[in-house]
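Under the numbering used here, the first residue of the sequence shown is numbered 1, with each subsequent residue one higher.
Note that these hints are calculated values from the structure, not bench results. These numbers come from a predicted model, not from an experiment. Among these hints, one or two may not hold up.
Stated by the list, open to error - Capping the alpha-carbon separation at 35 Å, the derived lysine-lysine pairs in DSBU-like fashion look like this:
1. Lys371 with Lys172
2. Lys442 with Lys470
3. Lys442 with Lys506
4. Lys640 with Lys209
5. Lys209 with Lys236
6. Lys489 with Lys212
7. Lys495 with Lys476
8. Lys466 with Lys442
9. Lys489 with Lys616
10. Lys218 with Lys202
11. Lys681 with Lys329
12. Lys212 with Lys641
13. Lys470 with Lys329
14. Lys371 with Lys476
15. Lys542 with Lys470
16. Lys209 with Lys642
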Amino acid sequence: MGQHIRLHSRKMRGPPLPFQPFSKLRHVEAWNVQPKGTRLMRATKKVRNSRIGKDLRPSGIGSAESVSGLLDECVKRKRLMNSDVVDRFFVQSYILESPRPQGPSTQSQALHLQANEETIVKRPAKEAIPLVEEKQRKTSVEDVVPVDNDLTFVPSPGVRKLLDSLREATLKASGGEPIEFSEAERKAWEAEHPCRSRAEMKSLYAERKHMKGVPVNKQWDLVYSEYEKLHRTCIKRVGDLQYYFASKNTSIACNFLIAEPHFGLGNKLFHTSSAFLYAILTQRVMVIPDSTDIPELMCEPFAGSSWGMSEGFYNVTMEMRNSSENFWKAVDSDKLVGQGKGTLGSSMYASSMNDAWVGPEPRFWCNTEQKYMNSVTWLSMSGCTLFAHKLFAIGMFREILEDLFPNKVVLTHLLRSLLLPGDSAWERILHVNEVYLSGAEKQVGVQVRFFQEDEEYQLKNDRINKRITKCMWENKILPEVCPASPRDKAWNDPKFAQCKTKMSAKDHENPQVIKVLVGSLFLGLHDHLNDIYLRHEMTTTKEAVGIIQLTHELMQGSGVEVDTQALVEIISLSMSDVLLITPMSTFGGVIHGYGGLIPWFIEFGPEEDPPVVCQKGKGIEPCYMGASQYYQCPYDDVGKKKISEVVPYLQNCLAIDVEYGYKLNMIPQGYGMQMTPDNIKDQDFYNL
């Protein structure tokens with residue numbers, strides 16, 4: 001039998017593991033733990049004094065008492081600090097450094113150790129529930145995370161592989177000695193970098209009356225926590241990043257990714273979240289230029305660290321890095337490239353991976369090229385699109401990503417973890433919610449974008465307003481208004497039967513209100529809907545409908561203030577129960593990404609009276625506009641295959657979404673890629 005420790009969070013104070021110190025653990029169970037001598041002292045810097053090992057080594061090595069005694073004594077002697085790194089590294093090292101028994105164990109007892117209590121309660125091991133199946137018993141103890149009281153969660157194989165890679169990268173970056181981050185340091189960092197949205201956003205989404213919450217992804221939370229440690233370790237050890245880069249230093253085993261998002265806020269959030277997922281997969285420390293306004297607009301995402309780059313530092317990197325063309329040439333010139341064993345060594349210290357606005361270049365999506373990128377210490381990626389889903393097309397990442405996001409919900413977790421509004425924007429979001437949106441029985445969001453601005457608005461406004469109204473009435477998103485009087489021709493239509501009963505005083509005592517939040521540069525839709533619902537006595541359901549629009553800027557601007565207000569509208573619209581959006585809009589895509597919503601796409605074509613005025617999306621994940629649908633991998637088996645033939649869930653985007661872009665010449669015909677769930681019900685969290 002293997003050796004396992006299971007840590008329970010039963011009645012624990014404070015947050016659950018991985019951030020829970022042993023001194024506050026309520027319950028510990030151990031099977032066949034056989035520490036040997038002072039190997040266990042390698043656990044952390046805090047527990048490496050060999051005298052402790054000698055003092056605490058009982059005559060009965062491997063007994064349950066030795067485990068409990070060691071943990072208690074180390075806490076008493078303050079050899080274990082209130083630090084996630086120390087706690088978890090200690091447990092992992094304690095188990096992994098212990099040799100596995102060669103034969104059947106003579107230890108047939110399971111242990112309940114309660115912190116701060118003298119009593120040890122023993123029970124036969126046969127009563128203990130096995131932690132995992134036999135084939136999983138080599139799982140690192142650090143992978144066993146207690147959640148929801150006594151339930152124990154074990155990551156899937158692909159995620160364990162990623163966790164191992166992150167931990168190995170962190171250990172190398174630390175020089176073999178974990179970088180401490182004590183509870184006091186964490187509190188000091190949080191005081192210096194406050195982020196209310198980290199604690200409050202989830203509860204605000206929970207207030208929606210017709211939307212179930214997006215399921216918690218425990219695997220993602222664990223991966224994020226491990227990446228946070230890598231980021232913190234590298235930033236602390238390197239110190240002056242600009243000097244480290246300018247001197248082409250590689251003494252600290254850290255690789256970096258510079259995310260360079262461009263254009264509007266929706267574009268920036270798409271690119272940044274995608275680059276972040278790639279940074280996790282490749283164990284790179286992501287940094288982002290201050291000039292993008294993202295570091296100022298958003299919270300610092302990694303505790304004890306920082307992700308901002310000064311403008312001066314960013315300019316230095318642009319001057320010193322190689323072009324992507326030089327990188328491809330270096331790969332092609334390597335004699336071992338066809339054998340899958342090649343490397344660029346230290347010849348390519350910094351390189352860019354850019355292809356205008358459509359994201360990474362065609363060869364980026366190939367296994368061979370990805371292996372060569374491991375040789376590049378500083379990698380830069382610029383763009384303005386959501387390419388996260390196409391990372392599933394890269395063979396070496398696919399198992400990990402499929403295990404990490406089994407229900408294919410990706411962007412919601414990326415946005416809600418990495419890109420949390422800073423306190424200034426968050427205060428505005430709360431104000432909008434409290435003053436304009438709270439108390440609604442249902443909230444409907446509508447985002448309308450005219451890409452050619454005033455010219456297109458003047459041409460299409462009336463047409464689009466009629467389509468949106470028809471869409472909402474036909475799909476029961478909003479109630480229809482009652483005919484004005486019995487003389488109206490529609491009065492006897494069965495759908496207006498309820499209109500014959502007038503609103504009573506009791507109806508007004510407890511009014512049912514639907515609030516419609518409109519996001520647009522123009523007031524056209526707001527005025528159109530307002531005119532409909534204000535000029536009619538009642539609706540078919542007796543629900544009242546209110547129309548709200550926060551801004552109407554007439555043209556898209558730029559700068560911190562513009563982006564701040566845009567973020568306020570994005571988050572406020574994402575709080576909707578139902579969402580209608582404009583095709584091809586990254587702004588709209590980010591809205592349903594944050595909200596975990598399957599949107600309705602508005603038909604924006606030139607037809608006067610199209611047969612379909614709107615269509616519900618295929619899932620939560622937005623379309624990757626401009627994505628090529630074919631591999632271009634000269635050294636891989638996939639060659640020039642169509643990606644959907646290899647990865648069936650990477651499909652064409654909805655025609656209603658991308659054809660608008662084709663007609664405006666915004667993307668080439670036949671481009672665009674969307675990740676779709678196996679069953680749309682897995683992502684439809686709307687709850688009638």
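Status of each hint after checking the structure:
{"no.": "1", "hint": "Lys371 with Lys172", "verdict": "holds (19 Å)"}
{"no.": "2", "hint": "Lys442 with Lys470", "verdict": "holds (19 Å)"}
{"no.": "3", "hint": "Lys442 with Lys506", "verdict": "holds (20 Å)"}
{"no.": "4", "hint": "Lys640 with Lys209", "verdict": "violated (47 Å)"}
{"no.": "5", "hint": "Lys209 with Lys236", "verdict": "violated (44 Å)"}
{"no.": "6", "hint": "Lys489 with Lys212", "verdict": "violated (41 Å)"}
{"no.": "7", "hint": "Lys495 with Lys476", "verdict": "holds (12 Å)"}
{"no.": "8", "hint": "Lys466 with Lys442", "verdict": "holds (22 Å)"}
{"no.": "9", "hint": "Lys489 with Lys616", "verdict": "holds (32 Å)"}
{"no.": "10", "hint": "Lys218 with Lys202", "verdict": "holds (15 Å)"}
{"no.": "11", "hint": "Lys681 with Lys329", "verdict": "violated (46 Å)"}
{"no.": "12", "hint": "Lys212 with Lys641", "verdict": "violated (39 Å)"}
{"no.": "13", "hint": "Lys470 with Lys329", "verdict": "violated (55 Å)"}
{"no.": "14", "hint": "Lys371 with Lys476", "verdict": "violated (51 Å)"}
{"no.": "15", "hint": "Lys542 with Lys470", "verdict": "holds (19 Å)"}
{"no.": "16", "hint": "Lys209 with Lys642", "verdict": "violated (42 Å)"}
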